[in-house]
Structures are given as structure tokens and as C-alpha cells.
Amino acid sequence: MMPFFLLGLPLVTAFLCIFATKQKTLSVINVLGGIAIGVTAVLLDWHVFTKGTLVELDKFIYIDALGAYIIGLIAFVGLAAGLYSLGYFAHELEAGELAEARLKWYYVLFYVFVFTMLAVVVVNNLGIMWVAIEATTLSSALLVGYFDTKASLEAAWKYIIICTVGIVFALFGTLLLYFAAVHVLGEGSKALDWSTLLQVASKLNPKLVKLAFIFILVGYGTKVGLAPMHTWLPDAHSQAPSPVSALLSGVLLNCALYGILRVHLVVTQTVGPGFTNALLIIFGMFSVAIALPFILAQHDIKRLLAYSSIEHMGIITVAVGIGGKLALYGALLHMLNHAITKSALFFSAGNATQHYRTKKIAKIKGLIKAMPVTGPALLLGAFAIAGVPPFNIFISEFTIFSAGFAQGKYFVTGLLLVLVTLVFAGIMYAVAKMAFGSPPGRVAVGETNKWSAVMVVIPLCLALLLGVYTPPVIGNVIYQVATMMGGR
Amino acid sequence: MSSSELSNLLITLTLASSFLIIIGRRLDSVIKAAVVQGIVLAIFTAVRGWSTGMHEMYVAAVLTLLVKAGLIPYILNRVARLVDTGWGIKSYVNTKMSLVICVALVIVAYSVTGDMLASGSAVFARALPAALAMMLIGLFIMTTRKRAITQVVGLLVIENGVFMAGVGATNGMPAVIELGVFLDALAGVFIMAILAFRIKRAFATINTENLRSLRG
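So the protein lines, in turn, are chains P and U. Just so we're aligned, residue 1374 is where the first sequence starts under the working numbering, counting upward by one. Just so we're aligned, residue 12 is where the second sequence starts under the working numbering, counting upward by one.
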């Protein structure tokens, strides 16, 4: 029953929001909905990690360790972004940037978006998963264009056009995979269930499967933000309302990567690990390399964070490509760490841009003096995302590097290490410019509101906590997922 | 004429209808060409249903007719009328050059997938290169045409290509997935229409050339 609750709750929440008109009612629905989804996700994950894979509806719904892990991520960042939205939109309404009557559509779209992401992860059929991933694009495109300004509409248009094209390529790849599977399994939709595909993978036509993987990697890779298909990402992530940016960066990218991982697992069984691993390393490394110059010469704080997301998705992709249990462990841990830290950063950037009324790095000065909570939080968050100990990103990056060196992939790991170090310099330079100095006269001292400040501190504390101590629960969970993914 | 010959003819016709979109000089003729492509694709789907004996294919054919040749062109037409920015096609590449490039793309698609499927079914082996060619032509339309509506038509051509490959595969795509793909295509065009409206309101044009302020 739990998967149905998990899918039903966001839809119910979205539906209820349609009928609410007041900001207060919406806030209550939003908080209750977010918490209910969170609790269901925890219960479901508990079930999967203690009792094993959850199957419903004749294997239509199939949640194994990897799926359960991503569900946890979605529920967590979804709840955090939902809570942050309260303060964020309270300020937008006060500042008169938004009419109260339009607010409900934000929450409706928000929870439909959460629903589509959860749907990606719970279904077994790769075709349905494709439909769900496309649905994430459609629901979030309207969120990206929510502010109805020229720039946000431009971003939404680019986002929907580029991602839809990308994803049609993934459909073509899925089709090729189906064609390969039908020869072995016979007709019917079971031929696209990844649980079935995994069992017969060794009998599939290797040529077709390879071609299928290339199309799927390029297609879903567009949504992951892998270079050179990443061009929509900085626009969409910078123009969306900040809570949505956190959701896009923290989990949507991981959902798309999940699509690639599923197919990667099948293809590895068919043609051996060499082919897919090499492709993943190439695309991942290229993404990190492309992100670097844009981070070094960035003028816009939210675009800076968006390019940093491209970099981190690149790191995760490379880590999956390196393969082996330790690298997979690092990759999965990095997904969690990146989601938490990037949420903290997008929330602080949201506060800062609301307070200074600009996204330009050059115009945000003296943030620590002007905003006593957000300012230090942004600085510490930048340290965290750049991979400085004792924060969590350091742990996962360190794991990935040591796995790479342990496997003798000196060139790949060394190159990644150099790039990550350079990115560190770029991020710290930009953020230090904003954090220090004295604020311009027009900017008052103080936070936008208390709630927004609290929501910046919570994820940052988690980032610090996970940096000094990995709770055994999380360690075990990730270990299980890495084992399931065939790490040796 | 055997069913496989008929299928081959229809595959060729579908591909050929992409060229109607390329040579269209006005927005309404481009949308009409998209309707033609939808109709040919629907007939192809029905023929495949008849030759494979799978009844879901007929449902898919009717849906193709309704969505690809009916609803989507209707929405595009309405948007074009409501935003009222004239019917001219604006392109970075002129029609003659576009034709030459698209012919080259077709040749590329056929030479790349030529020996891919020695063991595959006859129809799929024909449909695959044509599908790839349509995907490339669709991409070409999307990258060279400046107006939002023509870009959506380009997307439609890509989708039609993939759909044709799906129908051409031995047993087609499973019905559930086909339904999902249709719903997505429809919802996608609908949302793009909404965005096109808002873009028109904000920029007073739906020329995507203006969408160039976000860089770096």
C-alpha cells in the first residue's frame, strides 16, 4: 500500500491547494503535505532496507534499494524546499512582486512536480519511466517561468525545448532496447521492465544495446545537465524561484541520472562494464571541465550555483564510471551531500537576492554585515560545496578520489582532482566578494524574515554533521545500494 | 501490393512529408504539412495493425490522427492566430539551402544505420533509417527556424520519427506506453502554447531570436 500513499499524497496536496485562496491556508496544506510525504517516504525506505524490494501491482511498481534511496532524497529536499517556500513567498507577497491569487498555482505545480519525480523512481517499466521524466520537465517548466518576467520566460522556453528534444532521443534509445528485448522475451510490456531486462541482459543483441545506451545517455544526460547538452540548466536554475532551484539541482538531476543508471546496469550485463563506464567518464569529465570557466568568470550568484550543479553531477557521473563498490558508495553519498549542501546554498542565495533585489555578484557586497545569518551561511555553504573539510562534500569527494586511485585510474582521477581544485578557487573568489566588505547604503541590516533564516541554517547543520560523522543508518543504506548496483 | 511493400511506401511518404515542412513559406502551410505527416503516420500505423494482427495498433492509429493531425495543429493554429505576428517563416537558412542540407541528412541517416540490423525484421530495418532521418531533419528545423511555433513543429517531426520507428518494430510499443507518449506530447504542446502566449505578452513577438539575454 505504501507506494500508493507515496504517489497519492503529493497529488492530494496539489488538489487541495487549488481550492485554497489565502496564504495561511496554503501554508498549512503545504506543511502538512510535505510532512506526510516525508513520513511515508521514511516508512517505505525502512521497509525496503530491512525487508527487501517492494513489489506492487504485478511488478508494475518495483522499488529496490536504489529506488528507495532516491525516494528518500526527493522527500527530504521536497520538504525542505516546501518549508523554505513559506518565508520566501511571504517576502515576495510583502514586496508586492506577486499577487496572492497566483500563489496557489505555485504550490499546485510544486506538488505535481514532486509527484512526477516520485513516479520516475517507483515504476518498473522503462517506458513509463520515460513518460514520468518527460512529465517532470513539463511540470517544472511552468515553475521556472513562474515569475513571468522576460528572463524567466526565456529560461522556461529554452528548458522545455532543449529537454524535450533530449528526452525524445532517450525514447528512441528505450525503443531500441525494447526491440532488442522483444527478440528474447516476446512481446508485451514486460519486455521493458528493468527487473526483467536485468535477468535476460546477457542474451540481448549487443550492437543494438550499445546504440540504445548512447541515445539514452545523450537523452537523459540532457536532463542531468551533462555537457554539452547542459545549456538549459544555468538559465532554468537561475530564473526559477529559489526553492524550486533547490529542488531542480538537488533531486531532479538525480532523478534523470537514475534513468541512466538503470539502463547502465542492464547494458553492463550485456556488453561488460568497459563500454558504459568509458562513456560515463567522458561525459562526466567534460561536464566538470565545461563548468569550470563559467564558474571562474561568473557574474550571477544563482548561475554560479547552477554551474556548480553541473560540476557535481559530472563528478557523480565520473564516479559511477570508475565503478567498483567504493566509487559507487562515494557517488551515492555525493548525491545526498550535494542535495543537502546545494539546498542550503540556494536558500541563502534566495534570501540574499530578495534582500539586495539583484542576482549580480558585483552588486551584493557586505553580506555578512547586512544579513547576520544568511551571510555567514552562504560563506560556510560555499566552503562546503567546494569540498573543504569538515563538511560532507569533502568526505564523498575523498571517497571517490581514493577509489579512483585504488583502481589505478590515475589519469582520470588526477584530472578530476585538478578540476575540482580549480573550481574551489572560483567559488571561493566569487562568494568572498559577496560576503565581505560593507553593504551599499540602500541595503538595510537584517534578515528578510526569521523563517527564511532558519531554513538556511538547518540544511547547513546537516552538511556539517554528515561531514564529521556518518550515521550508521545512512552508511548502511548507501552500502546496500552500492552492493545492489553490483559493486565488487 | 503486399503489406510490407505498402509499409515501405508509407514510411517513404512520411519521410517525404518532412520536406513539405521544409519548403513551407508561410506558417499555415507549415502547420498543414505537419497535419499531412500526422495523417500518413496514422495510415502507416493502421496498416501495421492490419499486417501484424494487433488490435491496439488501430487505437494508436486513431490517437495519432486525433492528436498529431488534429489537436496539436489546432492548438498551434490558435496560438499563431492569437499572438498575431504575421504568417511569414523566419529562418537562418533559406529554403534552397535547407533542402540541400536535409537531403544530406537523409543520406547520412541511411548510411549510418544501413548494416545495423541484418537480423531485424524487414519493416523495422526500413523504418529505422527513415526515423533517424526525420529526427535529424526535425533537429535542423528547430535550430534554424526562428519562430516559436516552427520550433514546436520541428519537435513534432522528431517525435513522429521516433513514433514511426516504434510502430515499425516487430510488435510496436506496448499500448500503455504509447498512450503515455501521446499524453506527454499533447501536454507538452499545450504548455509550450501557454509559454508562447506569455512570451508574446512580455516581448510583443514570439520570435525566439529575442530570447538571447541569458548567457555565460
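I should point out that these hints are in silico values taken from the structure, not numbers from a laboratory. Just so you know, these numbers come straight off a predicted model, no measurement behind them. Any given hint could be a false lead.
[As the list claims (entries may be wrong)] Dumping the calculated SDA-like pairs for lysine to any residue here, alpha-carbon to alpha-carbon at most 20 Å:
{"#": "1", "chain 1": "P", "residue 1": "K1580", "chain 2": "U", "residue 2": "V123"}
{"#": "2", "chain 1": "P", "residue 1": "K1738", "chain 2": "P", "residue 2": "L1752"}
{"#": "3", "chain 1": "P", "residue 1": "K1580", "chain 2": "U", "residue 2": "Y121"}
{"#": "4", "chain 1": "P", "residue 1": "K1523", "chain 2": "U", "residue 2": "A204"}
{"#": "5", "chain 1": "P", "residue 1": "K1733", "chain 2": "U", "residue 2": "L225"}
{"#": "6", "chain 1": "P", "residue 1": "K1432", "chain 2": "U", "residue 2": "S122"}
{"#": "7", "chain 1": "P", "residue 1": "K1580", "chain 2": "U", "residue 2": "T124"}
{"#": "8", "chain 1": "P", "residue 1": "K1523", "chain 2": "U", "residue 2": "I205"}
{"#": "9", "chain 1": "P", "residue 1": "K1806", "chain 2": "P", "residue 2": "Q1853"}
{"#": "10", "chain 1": "P", "residue 1": "K1583", "chain 2": "U", "residue 2": "T124"}
{"#": "11", "chain 1": "P", "residue 1": "K1583", "chain 2": "U", "residue 2": "E67"}
{"#": "12", "chain 1": "P", "residue 1": "K1580", "chain 2": "U", "residue 2": "A133"}
{"#": "13", "chain 1": "P", "residue 1": "K1395", "chain 2": "P", "residue 2": "K1523"}
{"#": "14", "chain 1": "U", "residue 1": "K211", "chain 2": "P", "residue 2": "K1732"}
{"#": "15", "chain 1": "P", "residue 1": "K1424", "chain 2": "P", "residue 2": "G1848"}
{"#": "16", "chain 1": "P", "residue 1": "K1732", "chain 2": "U", "residue 2": "L225"}
{"#": "17", "chain 1": "P", "residue 1": "K1563", "chain 2": "U", "residue 2": "K157"}
{"#": "18", "chain 1": "P", "residue 1": "K1580", "chain 2": "U", "residue 2": "K211"}
{"#": "19", "chain 1": "U", "residue 1": "K157", "chain 2": "P", "residue 2": "L1389"}
{"#": "20", "chain 1": "P", "residue 1": "K1563", "chain 2": "U", "residue 2": "M65"}
{"#": "21", "chain 1": "P", "residue 1": "K1742", "chain 2": "P", "residue 2": "A1670"}
{"#": "22", "chain 1": "P", "residue 1": "K1733", "chain 2": "P", "residue 2": "A1670"}
{"#": "23", "chain 1": "P", "residue 1": "K1563", "chain 2": "U", "residue 2": "I118"}
{"#": "24", "chain 1": "P", "residue 1": "K1580", "chain 2": "U", "residue 2": "V187"}
Between K1583(P) and T124(U), does the CA-CA distance stay at or below 20 Å?
Measuring from Cα to Cα gives roughly 13 Å; hence the hint holds.
Holds or violated: K1424(P) and G1848(P), Cα atoms, limit 20 Å.
Distance of about 17 Å is within 20 Å: holds.
Take a quick look at whether K157(U) and L1389(P) sit within 20 Å of each other, Cα to Cα.
With a Cα-Cα distance of about 40 Å, the restraint between K157(U) and L1389(P) is violated, given a limit of 20 Å.
Take the C-alpha atoms of K1523(P) and A204(U), compute the straight-line distance between them, and say whether it is at most 20 Å.
16 Å, holds
Pairwise hint evaluation, A1670(P) against K1742(P), where the allowed Cα distance is 20 Å at most:
With Cα atoms ~25 Å apart, K1742(P) and A1670(P) exceed 20 Å; violated.
Does S122(U) lie within 20 Å of K1432(P) when you go C-alpha to C-alpha?
40 Å, violated
Quickly compare the C-alpha distance for K211(U) and K1732(P) to 20 Å and report which way the hint goes.
25 Å, violated
K1732(P) and L225(U) were given as a pair; does the straight-line alpha-carbon distance stay at or below 20 Å?
Holds. K1732(P) to L225(U) sits at ~13 Å (cutoff 20 Å).
Given the hint that K1523(P) pairs with I205(U), test it: the Cα-Cα distance must not exceed 20 Å.
14 Å, holds
Pairwise hint evaluation, V187(U) against K1580(P), where the allowed Cα distance is 20 Å at most
27 Å, violated
Straight-line alpha-carbon gap K1806(P) to Q1853(P), limit 20 Å:
42 Å, violated
So if I understand the rule, the pair passes when the alpha-carbon distance is 20 Å or less; does K1563(P) with K157(U) pass?
Roughly 42 Å between the alpha carbons, so the hint for K1563(P) and K157(U) is violated.
Of the numbered hints given earlier, the model fails hints 6, 9, 11, 13, 14, 17, 18, 19, 21, 23 and 24; all others are met.
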